Each structure stands twice: as structure tokens, then as C-alpha cells.
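There are 2 protein chains.
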Amino acid sequence: ADAAAGKAKAAVCAACHGMDGKATAPIYPNLAGQNAAYLESALKAYKAGQRKGGQSAIMTGMAAPLNDTDIANLAAYYSSLK
Amino acid sequence: ADAAAGKAKAAVCAACHGMDGKATAPIYPNLAGQNAAYLESALKAYKAGQRKGGQSAIMTGMAAPLNDTDIANLAAYYSSLK
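So the protein sequences, as listed, match chains A and B. Quick note on our numbering: the first sequence kicks off at 1027 and runs consecutively. Quick note on our numbering: the second sequence kicks off at 1027 and runs consecutively.
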């Protein structure tokens, strides 16, 4: 996966998750240093509409346009942050 | 919330999330230092059956017996870890 491409893709995510992966509000998860395989699993669950409740409405919309490469790159980017 | 009570409750969670909140496999999320409000939101979504896909079958079962106090204590415990 390409963390640099993930960083570019993450511009829109930064509003809630922060560019540094530290959430801008406690209801959103920190992503910095999270396991890439988990991040991919979560993004794919949102994309497939398998997560309801909480902020899932926002995340389902965010994940919808992502392809598997985007998802792998985003996961690589955020997991690479300390 | 009572992080100490959360630690006691977390014994069963440690199998996948680690007692230190560092996941034992990359498909599981690290929980150490995660935002407590997000952890509560995620646990309540699993408990309500609002999350499918990924490891949701395991987590739905784990969350089922938890009451709101347990959930608040677990969230306080894991968010308190560095």
C-alpha cells in the first residue's frame, strides 16, 4: 500500500480524524497507529453498509467512493502515524 | 466511570485486545488511548447489533451481557492506557 497516496486521500478525513490521526472530538476514534488490517476491515464494513448507529451515517458516505486501493492506502497512512 | 472496575471487566477482552490495549492480531483494533466516548459508542453499536461484517459476530457476543456502567468502565480503562 502507498501511505503517501493515503495521506493525499486523507484530506477529507482530517476534519474528524485529524491529519495526525488524533480525533478532533472524543466521539470520533483516533486512527494514529491503529492496525492497518483493522482499518481496512472497518472501512470495508462502512462501505458495505454493515455498520449502523453512532457516526456510521457519516462514515458510510465517506467510504462509499473509496476503492480497495484507496482503502489500503488510507489504512497504511493512518497506521504509520505515531 | 471506574477504570479499575473496567480493568477487572476487561479480562476477557484481553484475548484479542491485550491487557495493555495493544491488539494480539492486526485484524483487531488497538484500544489503548482510544477516545472513551468513541469506545462507548462502538460497544453500544455492537450490543445493539448495529455492526455486521469483520469480527462483529465476536464483538456482538462480547457486548451483549454488558450494561451501560460496564461499558463506561471498560471505555475509561482502555482510554486510560498509553
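By construction, these hints were calculated from the structure, which means they are not laboratory data. Mixed in with the good hints, there may be bad ones.
Remember, identical chains collapse to one label, so a pair may be satisfied in a single copy or spanning two.
[Unchecked claim] Straight-line C-alpha distance at most 30 Å; calculated BS3-like pairs for lysine-lysine: (1) K1108 <-> K1078; (2) K1108 <-> K1070; (3) K1035 <-> K1078; (4) K1048 <-> K1108.
Because the structure is a prediction, the values reported are computed rather than measured.
Alpha-carbon proximity between K1108 and K1070, which holds within one copy, between copies, both or neither at 30 Å: both (23 Å within a copy, 28 Å between copies)
K1048 and K1108: within-copy, between-copy, both or neither at 30 Å Cα: both (10 Å within a copy, 14 Å between copies)
K1035 and K1078: within-copy, between-copy, both or neither at 30 Å Cα: Both: 24 Å inside a copy, 26 Å across copies.
Identical-chain pair category, K1108 with K1078, by Cα at 30 Å: This pair counts as both: shortest intra-copy Cα distance 29 Å, inter-copy 29 Å.
Against the hints set out earlier in the document, no violation occurs for any number.
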